[in-house]
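Using the hints, build the complex out of the two chains.
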Amino acid sequence: MALFQIAEPGESAAPHEHKLAVGIDLGTTNSLVATVRSGIAVVLNDEHGRPLLPSVVRYHPEGGLEVGYDAQMRQAADPKNTISSVKRFMGRGAKDIAHLESIPYDFVDAPGMVKLKTCAGVKSPVEVSAEILKCLKARAEAALGGDLVGAVITVPAYFDDAQRQATKDAAKLAGLNVLRLLNEPTAAAIAYGLDNAAEGIYAVYDLGGGTFDISILKLTKGVFEVLATGGDSALGGDDFDQRIFCWSIEEAGLQPLSPHDARLLMTRAREAKEFLTYHPEAPITARLSTGEVVDARLDVDTFADITRNLVSKTLQAVKKALRDAGLRPEEVKGVVMVGGATRMPQVQKAVGDFFRQEPLTNLDPDKVVALGAATQANLLVGNKTGQDDWLLLDVIPLSLGLETMGGLTEKVIPRNSTIPAARAQEFTTFKDGQTAMAIHVVQGERELVSDCRSLARFELRGIPPMVAGAARIRVTFQVDADGLLSVTAREQTTGVEASVTVKPSYGLSDGEIAGMLQDSMAHAKDDAFQRALKEAQVEAQRMIEATQAALKEDSHLLAADEIARIEAAIAKLALTMEGDNRRIINLAMDDLGFETQEFAHRRMDQSIKRALAGRKVAEIKMEDE
Amino acid sequence: MAVTLSEKAAKHVSNYLAKRGKGVGLRLGVRTSGCSGMAYKLEFVDEVVPEDMVFESYGIKVFVDPKSLPYLDGTQLDYAREGLNEGFKFNNPNVKDQCGCGESFNV
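Sequence order for the protein chains is A and B. Every letter in the first sequence is one number past the one before it in our numbering, and letter 130, counting from 1, is 130. Every letter in the second sequence is one number past the one before it in our numbering, and letter 53, counting from 1, is 1053.
Chain B on its own, in the form it takes in the complex (with noise of 0.2 Å):
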């Protein structure tokens, strides 16, 4: 079970990290809400949890609890431009169906 950055996402987050000063990693979750059952958690980490499953990619420590992990296994974060929009972007190979928006998601 994994859940991976792309190399281009790992650059940004180093850099976010960097900047804002502080934290240890980059958090992965997913929580039941929004319009299609599910919806992605994606924060900085500053405390570390105990059962926090920790990979590691391009040097970037991923966190994910381990009740999201069923839900993400496989997904790789990339980071993405689309017009002058730029951000995160979750391939996730457990999505079934998702909101018109991807903001939210079923599997």
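The shape of chain A in the complex, shown without the other chains (with noise of 0.2 Å):
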């Protein structure tokens, strides 16, 4: 007999058609699986009630493995072949990883990613990964009595493309149908409800139990932008345990301890952090193995004193994000704790102090990021529930970009992204004193920007006058829901801003846009060579120019015969690049480069003379802090 769960109204589906899919929060040290149920999102337990699963794999000499706590038992038995927080080292080469020679493991550096010699053979972090996946996924389909359909899993928001890949990569070999990574943060924000809130900007502290990550996002029509992250891979609720052990070892006056008395006394000190979330004075008793015995009682007033600086070390990072976010503390809209060491009260205090709000604590901060993943997933099989229709799963079939010098196409956003998508890229000025940018839409596959589609123009004006490249101007694209396109230029220093809005695909049918696909590919090599051509082109016209402003205006520092050569040499690039031979172009640009040294280190000798003429060496190193 089927089991079933209650529909929105009019949503009852049809048999054997309910979708189920899951959300995984593959963690360092714990993950979780969630579905929702009913219209909620709830974390799915293993049988024994337990709702995390620790992200340890064990691998048997005999062949075989475990995964979970039967492995975390083994952890100190059999450490070698016991694999733990293997996140650190997904999409990693060896010298990507921090402190590799403090870790317990026989490395194998691949190209690429580091592997993992165990007694049951080289495994790479992908297949560790994929064996904890395994498992989520045989107990999602044990609770769920069904195949599933797909898996939103969350990484981090710093993760790039070649972590997100692995990541995919051990989905796939575990047999999980990926219908899109999430940023943790995101996952957080949509548990609480708000990416159906009010616009703004939101900030995700999560410290867990090992690592601290701080995210600002910005929600904008339902889609979250990571503007800014930070954190500190090496502070977590384990620090908080390491405190109140130190200060029971100094109150009982003990010796170093034997292992075993360390780990029991550091069992101790955990049980009384997690105490005080909810009294006030936590016993902290222990008979060691020496015979002596440990009696304290630690309250909360002193726990906050030995822990204060770990919780101040948080806020800076936070301040941090904030600062590379380019936003004050007032500015941010709504706070979400994630991470079991948030219970604690004194850190709830110092965030809701920081930020003059109260922080969302009203979820389980273990299972928060896993409940906005399981919510996510249930939108993207087409399980919708109500006011979230809105939300569509589609893609953009061609990429989007706009046109750079020497009528280049820079692709901002890749096609097959899947929409609401925001995507920001940096651009910077191309002459000294620029004050404007012209901003060309395009959309298309092609390098060069006329064989794609010319969707819109508009200009940025009013960029303060600074030398070629010194400019920061931030141009944002943001597809909604609906397909519709907005672009936005933003000058980083002034915050003058311009912006257009365009609907993509409109005018286009799925024949053209197979034909404008087809196009691409056929002309592939065509467009890569013309790209090539037109960059050295752009190049050597650059080269040009910031010649000449420097003979303006330094060639005094030069000789007659030494203008005469360079002059030379900007003659002959100027005329070979009106031809179409990339290799000539670049060899006269060499040349040009070439003359052009002895001048440029004239000049750096004397802008440094002039910089530093009748100071004293304290003032300019007063500058530089």
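Treat the hints as calculated values from the structure; they're not laboratory data. Just so you know, even glycine gets a beta-carbon here, dropped at the ideal spot from N, CA and C. A couple of the hints might just be wrong.
Covered stretches of chain B (chain A as the covering partner; in silico rule of three or more C-beta atoms under 8 Å from a C-beta of chain A) [stated by the list, open to error]:
id, region
1, 1020–1030
2, 1041–1048
3, 1057–1070
4, 1088–1096
In silico SDA-like links for lysine to any residue, alpha-carbon gap of 25 Å or less [as the list claims (entries may be wrong)]:
id, chain 1, residue 1, chain 2, residue 2
5, B, 1011, A, 40
6, B, 1019, B, 1067
7, A, 319, A, 160
8, B, 1022, A, 198
9, A, 80, A, 70
10, B, 1022, A, 160
11, B, 1022, A, 70
12, B, 1008, A, 37
13, B, 1019, A, 8
14, B, 1019, A, 37
15, A, 431, A, 488
16, B, 1041, A, 192
17, B, 1041, A, 8
This is the structure we're talking about:
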């Protein structure tokens, strides 16, 4: 007999059509799987009622493996074959991993990603992660009574393409269909329903067991854009345990402890930390193997005192992230708390004081990311729940980009990106003193603008005059759920802004889109050649202009024959760049570079002398700080 | 004629309604589809239709449209746990046979 869930009015699924979808929080320390049941996101527990799955995999010498609590229990006994925190190695080469030498595994440096030597053979982090995902998949299928249609898997906002791809590969290996990778802070915000809340800036404060992440998100038209991320990969709840541990050793006047006693006292320290979340005072009692007895009482105020600098370290990172985003704390509309360590009252209070508002804490901070992912997964497979039906899963049929110097296309949103989507890219000025920038929005896969479709043109004016390359113009492309594109250009120092809205797929039939795609493939080689040529021409033009400007300003640094040689090189380059031989243009550029090398040195010396003339060393140092 | 909820089912429904923040009760119904002829409908109710039949068990209002009632008469909706899976279960005395998974049935 089937078990039913309650549907929204009028949305009962036809038999066998309710699609089973889950959200997975694939964490460094613990992982979770969640789904939407009767309209409410819930975390799925294992057969013992435990929601968390420790992200630990142990390989057996005789084949076979275990995942989760069982593997974690054997970690001390079998450290080399018990892989924990594998997330830190996803998509990373040996040189990308901090403190590689202090990690107890036998690493094999493979191209692109490290691998781990275990008794069951060499394993890549992707394979290890896949075991964790398989375990969660089996749990979900047992709990939901059917095959999963797909999963949304969360990743840290700072994950790069290699790390994201590794996560997708792991899911594929586990037999999961990835509906979408979702940024962890965005998932947390969705769990709190902030995607339906007022537009504005939100902060997600994520203090886990061993890591701290802060993300600043901007919500516009239901789309979250990550403005800034920051944190500390070596700061978490475990450090708070450590502080209590040290405090109790001091209180009891203990000698250095045996590893067994240290582990025991560390466990007591963690229990005390958790107890203090709901009580004003916690007992710490332990009988050590030496016969000594620890019997201390830790109160909330002392706990806050001994951990004050840990909390303030997190706030430093918060300040930095806000500064990176160019925002003040009072501009933040809401603060979401994620991670078990945010249960500590002193953390909640410090964050509340900093942002001058109560942080959101009513969902379980260990589960909030998985719950948000489940909500998103439920939407993406089409089990819509009422008011959320505006959110479509759709993709952009052709890349969207803009024209850069020389008539080249710079793709900002690649084709097949799911919408809603928002991407930003920074551009700069090409000429000294340039005060306006023409922005030409195009659609298509070809390298040359003339082969793409023009969507809109607009101009950003009021850029303060600066040397070429100094201005920072952030161009944001945003495609909303209806496929409507808006492009905004903003000069970062003054904040001058201009924007335009277009509907990119307007007027293009499926046939035309297919034609444009075929074209781009047929011309791929030709296009690459054209692009390289154009790039060389643009670079040559820039070099000529820069040299001419320098000559005008500082020709007194050169002898007459040196000037003549530079001018000859300029003339030669100007001539060759008219042609279509990229190799010759590059050679002429090298020549000009060679002729102007000495000139550049002298100019540099001159400006350093000017800057330092008549100043004391102390003054210069102060400015640096 | 009546349709009822078990106490356990009622507790879960009231829980879901509270978390959902709106809704006046639960709708049970049948429609013709599925591999064995009929399929159950189980939905939250936001708007009451005048011809609905209303039953109440353990404080929860249960709405059934008059066309569905003959197929559901005597049904008790229970809440059950089967392994890791949990959900609502139709104990319907009218069912003659059902498809393997029980999502659709025949009277």
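Hint consistency between residue 1019 of chain B and residue 1067 of chain B [alpha-carbon to alpha-carbon, up to 25 Å]: violated (30 Å)
Tell me if the straight-line CA distance from residue 1022 of chain B to residue 198 of chain A falls inside 25 Å. Roughly 21 Å separates the two Cα atoms, so the pair holds.
Could you grab the alpha-carbon distance between residue 1022 of chain B and residue 70 of chain A and see if it respects the 25 Å cut-off? violated (43 Å)
Coverage of the region 1041–1048 of chain B by chain A (three or more Cβ within 8 Å): Contact hint for the region 1041–1048 of chain B vs chain A: holds, 7 residues under 8 Å.
Under the criterion that the straight-line Cα-Cα distance not exceed 25 Å, is the pair residue 80 of chain A, residue 70 of chain A satisfied? holds (15 Å)
Is residue 1022 of chain B close enough to residue 160 of chain A, meaning Cα to Cα at most 25 Å? Violated: residue 1022 of chain B and residue 160 of chain A sit about 41 Å apart, past 25 Å.
Against the 25 Å threshold, does the CA-CA distance of residue 1019 of chain B and residue 37 of chain A hold or violate the hint? holds (12 Å)
CA of residue 1019 of chain B to CA of residue 8 of chain A, is that 25 Å or under? holds (13 Å)
Given pair status - residue 488 of chain A, residue 431 of chain A, alpha carbons within 25 Å: holds (22 Å)
Can you take a look at whether the region 1057–1070 of chain B is actually covered by chain A? Rule is 3+ residues, C-beta closer than 8 Å. violated (count 0)
Straight-line Cα separation of residue 319 of chain A and residue 160 of chain A no greater than 25 Å? holds (23 Å)
With a cut-off of 8 Å between beta carbons, are at least three residues of the region 1088–1096 of chain B near chain A? holds (count 3)
Hint check: violations occur at hints 3, 6, 10, 11, 16; the rest are consistent with the structure.
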